[in-house]
Amino acid sequence: MAENTSLPVYTKKDFESGVDPRWCPGCGDFSIINQVQKALPAAGKKREDIVFISGIGCSSRFPYYMNNYGMHTLHGRAPSFASGLKVSRPELMVWIVTGDGDALAIGGNHFIHAMRRNIDLKMLMFNNRIYGLTKGQTSPTSEIGKKTKSMPHGSPDAPFNPPALALGAGATFVARTIDVEGAHMGAVLKAAAEHKGSGFTEIYQNCPVFNDGAYTAITEKSVKVDALLRMEHGKPLLFGKDNKKGIRFNPQTAELEVVTLGEGGVTEKDVLVHDVKRDDPTIAFMMANLALKPGFPTPIGVFRAVSRPTAEDLTWQMIEAAKTKKGDVDVTKLLAGGDTWQIK
Amino acid sequence: MSKQIQQVETVTIRFVGDSGDGMQLTGTEFTRANALAGTDLATFPDYPAEIRAPAGSLAGVSGYQVNFGSREIHTPGDAPDVLVAMNPAALKTNLADLRQGGILIVNKGAFTEGNLEKAAYKTNPLDDETLKHTYKVVSVDMSMLTDHALQGSGLSSKETARCRNYFALGLMYWLYSRPMEQQLEQIAKKFGKKPQFVEANQKVFKAGYAFGETAEIGLARYEVPASKLAPGAYRTVTGNYAVALGFATMAKITGKQVFLGSYPITPATEILQEMAYFKEHGVVTFQAEDEIAGIGSAIGASFGGALACTTTSGPGLALKAEMMGLAVIAELPLVIVNVQRGGPSTGMPTKTEQSDLLVALFGRHGEAPLPVIAAQSPADCFWAAMEAMRCAVKWMTPVVLLTDGYLGNGSEPFKIPTAAELPKFEVKYQTTVNHDGQYMPYKRDAKLIRPWAVPGTPGLEHRIGGLEKDSMSGMVSYDGMNHERMVLTRAQKIANVVEDVPDVEVYGAASGDVLLVSWGGTFGSVRGAAEQLVQQGKSVGHVHLRWLNPLPKNLLEVMKRFKKVFVPEVNNGQLAFYLRGMFPGIDPLQYNRINGKPIKMAELAAKVLEVL
Numbered sequence: 001m002a003e004n005t006s007l008p009v010y011t012k013k014d015f016e017s018g019v020d021p022r023w024c025p026g027c028g029d030f031s032i033i034n035q036v037q038k039a040l041p042a043a044g045k046k047r048e049d050i051v052f053i054s055g056i057g058c059s060s061r062f063p064y065y066m067n068n069y070g071m072h073t074l075h076g077r078a079p080s081f082a083s084g085l086k087v088s089r090p091e092l093m094v095w096i097v098t099g100d101g102d103a104l105a106i107g108g109n110h111f112i113h114a115m116r117r118n119i120d121l122k123m124l125m126f127n128n129r130i131y132g133l134t135k136g137q138t139s140p141t142s143e144i145g146k147k148t149k150s151m152p153h154g155s156p157d158a159p160f161n162p163p164a165l166a167l168g169a170g171a172t173f174v175a176r177t178i179d180v181e182g183a184h185m186g187a188v189l190k191a192a193a194e195h196k197g198s199g200f201t202e203i204y205q206n207c208p209v210f211n212d213g214a215y216t217a218i219t220e221k222s223v224k225v226d227a228l229l230r231m232e233h234g235k236p237l238l239f240g241k242d243n244k245k246g247i248r249f250n251p252q253t254a255e256l257e258v259v260t261l262g263e264g265g266v267t268e269k270d271v272l273v274h275d276v277k278r279d280d281p282t283i284a285f286m287m288a289n290l291a292l293k294p295g296f297p298t299p300i301g302v303f304r305a306v307s308r309p310t311a312e313d314l315t316w317q318m319i320e321a322a323k324t325k326k327g328d329v330d331v332t333k334l335l336a337g338g339d340t341w342q343i344k
Numbered sequence: 001m002s003k004q005i006q007q008v009e010t011v012t013i014r015f016v017g018d019s020g021d022g023m024q025l026t027g028t029e030f031t032r033a034n035a036l037a038g039t040d041l042a043t044f045p046d047y048p049a050e051i052r053a054p055a056g057s058l059a060g061v062s063g064y065q066v067n068f069g070s071r072e073i074h075t076p077g078d079a080p081d082v083l084v085a086m087n088p089a090a091l092k093t094n095l096a097d098l099r100q101g102g103i104l105i106v107n108k109g110a111f112t113e114g115n116l117e118k119a120a121y122k123t124n125p126l127d128d129e130t131l132k133h134t135y136k137v138v139s140v141d142m143s144m145l146t147d148h149a150l151q152g153s154g155l156s157s158k159e160t161a162r163c164r165n166y167f168a169l170g171l172m173y174w175l176y177s178r179p180m181e182q183q184l185e186q187i188a189k190k191f192g193k194k195p196q197f198v199e200a201n202q203k204v205f206k207a208g209y210a211f212g213e214t215a216e217i218g219l220a221r222y223e224v225p226a227s228k229l230a231p232g233a234y235r236t237v238t239g240n241y242a243v244a245l246g247f248a249t250m251a252k253i254t255g256k257q258v259f260l261g262s263y264p265i266t267p268a269t270e271i272l273q274e275m276a277y278f279k280e281h282g283v284v285t286f287q288a289e290d291e292i293a294g295i296g297s298a299i300g301a302s303f304g305g306a307l308a309c310t311t312t313s314g315p316g317l318a319l320k321a322e323m324m325g326l327a328v329i330a331e332l333p334l335v336i337v338n339v340q341r342g343g344p345s346t347g348m349p350t351k352t353e354q355s356d357l358l359v360a361l362f363g364r365h366g367e368a369p370l371p372v373i374a375a376q377s378p379a380d381c382f383w384a385a386m387e388a389m390r391c392a393v394k395w396m397t398p399v400v401l402l403t404d405g406y407l408g409n410g411s412e413p414f415k416i417p418t419a420a421e422l423p424k425f426e427v428k429y430q431t432t433v434n435h436d437g438q439y440m441p442y443k444r445d446a447k448l449i450r451p452w453a454v455p456g457t458p459g460l461e462h463r464i465g466g467l468e469k470d471s472m473s474g475m476v477s478y479d480g481m482n483h484e485r486m487v488l489t490r491a492q493k494i495a496n497v498v499e500d501v502p503d504v505e506v507y508g509a510a511s512g513d514v515l516l517v518s519w520g521g522t523f524g525s526v527r528g529a530a531e532q533l534v535q536q537g538k539s540v541g542h543v544h545l546r547w548l549n550p551l552p553k554n555l556l557e558v559m560k561r562f563k564k565v566f567v568p569e570v571n572n573g574q575l576a577f578y579l580r581g582m583f584p585g586i587d588p589l590q591y592n593r594i595n596g597k598p599i600k601m602a603e604l605a606a607k608v609l610e611v612l
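These protein sequences, in sequence, are chains A and B.
328 is the number that our numbering gives to position 328 of the first sequence; each next residue is one higher, with no gaps.
380 is the number that our numbering gives to position 380 of the second sequence; each next residue is one higher, with no gaps.
It should be emphasised that the hints constitute simulated quantities derived from the structure, not laboratory data.
One thing to keep in mind: the hints can contain errors.
Coverage of chain B stretches by chain A, computed from C-beta distances (three or more under 8 Å per stretch; other residues unrestricted) [stated by the list, open to error]: (1) 242-249; (2) 256-268; (3) 275-285; (4) 315-328; (5) 408-419.
Calculated cross-link-like contacts (lysine-lysine; reagent style PhoX-like; alpha-carbon spacing at most 20 Å) [what the hints assert, rightly or not]: (6) A:Lys149 - A:Lys135; (7) B:Lys228 - A:Lys344; (8) B:Lys600 - B:Lys538; (9) A:Lys344 - B:Lys415; (10) A:Lys190 - A:Lys13; (11) A:Lys46 - A:Lys190; (12) A:Lys190 - A:Lys38; (13) B:Lys415 - A:Lys333; (14) B:Lys256 - A:Lys333; (15) B:Lys553 - B:Lys447; (16) B:Lys424 - A:Lys333; (17) B:Lys553 - B:Lys493; (18) A:Lys235 - A:Lys277; (19) B:Lys597 - B:Lys607; (20) B:Lys443 - B:Lys428; (21) A:Lys326 - B:Lys256; (22) B:Lys203 - B:Lys193; (23) A:Lys38 - A:Lys13; (24) B:Lys256 - A:Lys323; (25) B:Lys394 - B:Lys447; (26) B:Lys256 - B:Lys394.
Pulled from the structure, derived: some chain B residues nowhere near chain A, Cβ distances all over 10 Å [said to hold, decoys possible]: (27) Ser153; (28) Thr214; (29) Val427; (30) Gln535.
Virtual Cβ for every residue (Gly too), placed ideally from N, Cα, C.
Pulled out of the complex, with its shape left as it was, chain A reads as follows (with noise of 0.2 Å):
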């Protein structure tokens, strides 16, 4: 699995397929398709070397649209298609492009699956809290109390935190960002492109027929700079206007608070430096559950990308230490194995 070296120069273009997509308008999946377009040709592959693969939904569309080997798989069962294939072919990019009710409701499992397994797919999941394509249900990530055709009385079922539950089953990169904030989703694609390893990025997604202004509390330009915090590998979490917020650790409570610098001797180095190579899962666990508590802001980047064997290469290397300890094995010996006798 060498590198290309001769690599064609791309450019947003090769990556189009020419079929218009059929979005309704004003879709985030626009912005997402575009910035899945700027990214790609510095991904270091060949366009033919990339594939999409997506489950059923709005989302799911997203293969036909792209100019590489793709397949619209089956409701859920994308990571599947998606494992077998890199299994098959480690060489190959693979791309899973999946929403909150595909992964989560009928692909829950397989979602689980891929993540702690560790192998190498690039999982875009589009979290509009919303079943758009069958006009309008509760999805998973649908908040306690929210009114939907298949809920009029108000959903009475606890939503899943996507990026906690990627973290939980074990997934080694895992990422948030927002349909409307397009270099931060650049910045998080080339991260999510560059790991190697079951990789998770949620994309918080508009769907202005069915769940319109789902994010509006977090992206509103008057409340934005309050509401989100751009974690950065390396740097201290800090938000709010003139980066004057923070996050600290509290060992007496165990938990995270909001801490505003200046304040009660508060200084940056009391700030949470954010490191998306801890081993330990427990610190991204905690800013992937942030935004739930009231008063904390919501956190988007990249949660963690830790470096781990992935399960393609293990298989891999398998195949080879046996291949290595049998020797040249021809198909007489395959077939011969075993006691065996002579009839004369």
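Knowing the structure of chain A, use the given hints to seat chain B on it.
Leaving out everything else, chain B in the frame of chain A:
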């Protein structure tokens, strides 16, 4: 005591005991002895679904039947000539099958009050005079004799008890005049890492043999001479092993990767386990999180150019149904192996049945035809697996290969093919554009087969998936006429596979009174019954179907040559139903067995005589 050795043509022996008694091991070891002696043979392991039912209970009885002989052996045998019963529960559940006058060997030592109670015996059956009048009873206290043989060995009483099966095996070696040396070597090999067990098991094995030699047990010794199998090298294989070997051989023949995505399920699990040992031959195995991911991973690998397969049993096939439809519309090669078992639902996981024929043929939503083939014997599973894979790749389609628990667990001699006897098959990927400087993934050849372009091929980037495809570009199409055209084209492509389906050959009468039509794992039973009838001069023919879809071209014409068509199946009449639908005017008689056991030749032959 007679020490004279009598020659016999065939013998059926059944070993039965507690599921912890090592009956499967005893059975396979004795099978090995007969295979090495050159007899033809067939085996049938029969074990409970519980890993360890309570010791001594009726539910915990595990059995292994082997039929070996100097003439051609089709089945593991109808009624055992010898029953080796290690405890009262084993005797109770199996005695009815022993043929009248057969040899009954029991471990007297296990007929304790407690064990008799567990087997719901009010009195000790060994004290019953009718038993002795009906069978040749050899009542041996194997428990005590094993204990004596291992006195001073330092083994615990539990470890000593586990050696008992080697006493039974030794006695059978004596009874059927097999050389002890090969078994002593085998024990040394098997327990090589634990010398105390090598010594103990060898001692007990020799004790069993010596017991036959010296005790006045009133039995003659027998010898079953080598069979007249075709000359060549042989090994014994189970059907599950043979499937794995067939796939690995495809990897060797084609030089391509074979990818198995699978989830463990009885009785198909061994295929995954065996293929995991074939890494050096180009086999990649992926143990998925469930049945759906098993087939999904295989389809993903197939998109990538691997020779992909997935293995399962009935309930797993149901879960794979939606994915099979995707493989049909995506027109990707894939083999789905279904080792059938008793159903519906969890049914009887360790018992055999042929009841997934209709679900294999029709069990998908929408119009989703695919080729279906069935293996006919454990060794034939090797050829059937290769045939299924070759068909899948050639025709760009998923293919269902049906075997069953009886074939998968059963074993028989496998004539090892030479490299020259293996089929030649080349896998070709599309590497160039095929239409006006573009790649059209659904542009077909004269046989309606679409090309297979795999990721990594420059210039042929394309997208496929479950939505209806435009008949050329493969892009999503909701055009009704295109859908109709695609449905008909996919159906015609599968119908075209008939060019690879050989005509059926009729055994016995070429025309006449009754034609037996069978498929899959009942081959041996039905052929055996047909042989008996033909030898009696009856006007009976037999055709056995390997191909269930498409059906052989000459099948209808052959059926019309007989007054009656008779379909024996281990289900409630699925092939009969299918034939009625496919060939209006043909209304087969049925013989159905759904008791978890293979069809008995004698019973079937008697049924055919009734309708003659």
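**Request:** Please flag the earlier hints that this structure goes against, numbers listed from lowest up.
**Result:** Violated hints: none; all satisfied.
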